[in-house]
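Here are the chains, one letter per residue:
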Amino acid sequence: MSSVNSERIPNNVHLGDDKRLQRALEAWQPNYIQWWREMGPSGFQEDLVYLRTAVGVDADGWAHFDYVKMPDYRWGIFLADRVPGRTIGFGDAYGQPAWQQVPGEHRNALRRLIVTQGDTEPASVEQQRMLGQSCPSMYDLRNLFQVNVEEGRHLWAMVYLLHSFFGRDGREEAEELLARRSGDSSKPRMLGAFNEPCTDWLSFFMFTFFTDRDGKFQLLALAESGFDPLSRTTRFMLTEEAHHMFVGETGVLRIVERTAQAMAESKKDHPDDVRKLGVVDFPTLQKYLNLWYSLSLDLFGGEISSNAASFFATGLKGRAKEEQFDDHSALTGAYSMDVPKEGTFERQEVPLRNAMNEVLRDAYVDDCQRGVDKWNRAIAAHGVPVRLTLPSRRFHRHIGIYAGLHADPDGNLLTREAWDARRETWLPGEADCAFVRNLMTRAVLDPRQMANWIGPPKQGIKGRPIDFEYVRHCEG
Amino acid sequence: MQAQDAHGEPVGAAPSVRFEAHPEGYRHWRLEFPTEHGGMVARLVLDVRENEGLRPGYPLKLNSYDLGVDIELADALLRLRFEHPKVRAIVFASGKDRIFCSGANIYMLGSSAHAFKVNFCKFTNETRLALEEMSAESGIFSLAALAGTASGGGYELAIACDEIVLQDDGSSAVSFPETPLLGVLPGTGGLTRLVDKRKVRRDLADVFSTVAEGVRGKRALEWGLVDESPSKKDFDAAVRRRLEAMVARSKRRPGAAVVLEPLGESRYVSLAIDSEGESAGVLPARRPIDSEGESAGVLPARRPIDAKAHRANLTIRAPEGPEPQTPDELARAGSNAWAIRAWRELDRALLELRFNHPGVGVVAVRATGDPERVLAVDRMLAQHCEDGLVREATLLAKRVLKRLDNSAKSFFALIEPGSCFAGSLLEIALASDRAYMLDHPDEKNEIWLSPLNAGPLPMSNGLTRLQSRFLRDPELARRALEHSGPLDAQAALAAGLVTFAPDDIDWDDEVRIAFEERASLSPDALTGMEASLRYGGPETMETKIFARLTAWQNWIFQRPNAVGPRGALSLYGKPERPELDFNRT
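Keeping their order, the protein sequence lines are chains A and B. Residue 1 is where the first sequence starts when you use this note's numbering, and the numbers rise one by one after that. Residue 1 is where the second sequence starts when you use this note's numbering, and the numbers rise one by one after that.
Because the hints were derived from the structure by calculation, they are not lab data. Certain hints may be false.
Stated by the list, open to error - Cut-off 27 Å, straight-line C-alpha distance, at most; resulting in silico cross-link-like pairs (DSS-like, lysine-lysine):
#, chain 1, residue 1, chain 2, residue 2
1, A, K187, B, K232
2, A, K462, A, K374
3, B, K96, B, K574
4, A, K321, B, K574
5, A, K341, B, K574
6, B, K544, B, K398
7, B, K574, A, K187
8, A, K341, B, K61
9, A, K458, A, K267
10, A, K267, A, K374
11, A, K187, B, K218
Just so it is clear, the structure is predicted and the values come from calculations on it, not from any experiment.
Generate the whole structure from the sequences, applying the supplied hints.
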């Protein structure tokens, strides 16, 4: 019996009637499951996990909670409901009916966008596969797995598009999505941040806050796409992405609160003393923030980009919440940015379409700042005078016009030597990583316990108590 | 504001392009000799300095190149021939992460005048053909080690190598994005080499050439676009294994190392440009090239468009004294030997003409000096052709003559008393569009043939210039070669080796009228006409490459779909989308 049926794969894309999609998925699904077993969460594959499964797109269907073994998770294919008469909202094809099929002239560019987005989804699962071994609580363990299975579903969503609209090329790209490996130098994932190790929970929360937030903005931009199936797919993915944002934002918040609380109670503020309290000191937090924020900024691509201009012009990728803007052609506007020139910066007017990556990055930076402000309010509430800040977007960049510069977190240019000398005051060094690792060596698998370095969440999942047995762990 | 010439076209080149380079001064390449291969492999690492393009205005991102990058490459290849006789294989690699080379810089092309684009493409093609000649004639094989993406001219460099290894890492690809992205063609022989050299099936080549992102590892191998596609882990070993095999099968002939000294002031070749309204009769040698080859400094970069094309006088001189008689003596004389130096100087002068003197339409070519000295050099080269150094000297002459064949100027050889069109120098007259030989009643005026006219200096079509000349009656070529001793004007005319042989009374007027008439004809039509007539006989991959460059690519380069205000090349990187005229010819 084929495992590709609507019972096994919840969907609203008429999978039962779609021979082409069935055939493609039948070949792909076993490889996916094998990938999940190899590269999915290590050590918990046989456990029953209290997970949300989407079985429909309506209010009842999208959040079905139950215990499930992860390899048996029902990864589904869902598109947000079709908007009748939807037209393309930007670019040269503004006002024309949205495409229900891939226009031939945009086929390669669309495939590239979808593959690039799709590649990030399994990558993060791979990056996070060892984290269960050091979880701070069962509640957090479950959230990690929820994030993981949803990244898996997001991969399915992109594979659905590749299988349904891109023929043989699409099927091959879908196979390749399972063949690349995060951090494997011989077959790396496509984007830098998705090849960085994410082996401790501080990194995980920073990743879900900063890097998944890039994903959110990419999805927002793709949700505007003139290619309607892509738009509908990404709109549904955004509902799930919100949970990842929540995990990251509250995760860091709980760490920050715990540290502030410990500092206030002990009246200690020197980082070395704070570390001795078994919590993460603020300088270390700031360094992890600097690292993941700067890696995530790179994911938006070059500040001045002919690809971005072309994606916008052709109606493939818009701006987040395009309806907020007045001018949807963006042909005449300009974007002022500081462009490095001979050791300093020069204000340049970049044609707006070429600056679309930066427009999206702006929205992202604002969104990040809102989260950081929340953390700072929590620190302030404990009377601790420390504040976390987002570094300049020139700091520690590897893509775009600031790549290769040596800017400090305030954006001032330094010599390479001066920058290198201060690197470890801004970014986690070996000692910082070792400290964080040592803090988080043991998995906390007793539902009544919580690791010392993190505060408890405000509430449990789906009305369950915080000490609910979210994961039924089989020992050994 | 972009500088423009009188036609409103942007001025392509800086006032003067210098064609000499030296490894110590390379900005974009590193020439290394990895110890693991015992000095028998040269590694050329492309690591382009973004902000050091030949002119400002286009950062050379992603290892893209401009003429300056290619001048260094041409220099490196030449030095490997002369200075490194041990080298049997070259490996091309990138100094950048994830990118091998992304080809010619688009913004450079977009901001270049048409003539510059054409000459740029011509030069890069000549360099890549020279790389292939190293493999075919010198026993120096080449390998492209693609540990990152090679697109456009990047893949064209790779495909000019004997073998290509592409890392299979899920992202490294080979591609020709020109047609889908820019509305032009790969300009450096890429399409021709796909089907003619790598023999990629035409339909697969069609798919490959329309997918901007290109083809990665496994499929690139299946389609024959690359020879091997190992994983990253196995990549270095695969490259090493292939290099070792190349070293083992190389039949490079032993020869002494000769250091190519900077040319400095010309000794054997002079190039002088006439200004407008000059009388054709005397054709005085004026404005010699200065010591650094920067003759264009004399001429303003932008010139008013004259009623007529300018004329240049190109003169090559025979050796002044005895030249080496053996390979050993040649090695001792080094790059000062006439057999090396004269051709390097001529090469420089031809490039000068192409890039720095776009207004020159007709070139009067002369050879002066003692023919016996040239014939002695030719004899030595023919006698010791098995020697590695001698071979390289001969191949140098061969390439320079091909550069002459390929230059879009009218060449008229003027053979006057005191001239020296002998053997290898006679090839210059045979390469010219016409040869005028003064039939003087009192003064001796003769030409000579030598063994070098019989084969060592073939044209791109694989034939000697004599064979190309006498396609209708091959017997004439044989008879000319059998003739020993000089031919006077009447004999040369009878043998079909010169076009006209006016006597001393008619000479001045005939020559003046010929030049004036030539200067009044459409330069575009002349370029096409000359190129069509110069290459009779069979097609080779090389002739196809240049023919298609001058015909298809240069046609497309002029069309509104590429360079019109809404053309794909014009709008690349700009916010607007191109608007194509979909009518086919």
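Outcome of the hint check:
Under the criterion of a C-alpha separation no larger than 27 Å, the hint pairing K187/A with K232/B is consistent with the structure, at around 7 Å. The suggested pairing of K462/A with K374/A holds, with an alpha-carbon distance near 24 Å, which does not exceed 27 Å. For the proposed pair K96/B and K574/B, the alpha carbon gap of about 26 Å is at most 27 Å, so the pair holds. Distance restraint check for K321/A and K574/B: the Cα-Cα separation of roughly 24 Å lies within the 27 Å cut-off, and the hinted pair is therefore satisfied.
Note on K341/A and K574/B: the hinted pairing holds, with a Cα-Cα distance of about 21 Å set against a maximum of 27 Å. Restraint check for K544/B and K398/B: satisfied, since their Cα atoms lie roughly 19 Å apart, inside the 27 Å limit. Restraint check for K574/B and K187/A: the C-alpha separation of about 33 Å exceeds 27 Å, so the hint is violated. With a C-alpha separation of about 15 Å, the suggested pair K341/A and K61/B falls inside the 27 Å cut-off, and the hint holds.
Between K458/A and K267/A the alpha-carbon distance is near 25 Å, which keeps this suggested pair within the 27 Å criterion. Note on K267/A and K374/A: the hinted pairing holds, with a Cα-Cα distance of about 23 Å set against a maximum of 27 Å. Distance restraint check for K187/A and K218/B: the Cα-Cα separation of roughly 13 Å lies within the 27 Å cut-off, and the hinted pair is therefore satisfied.
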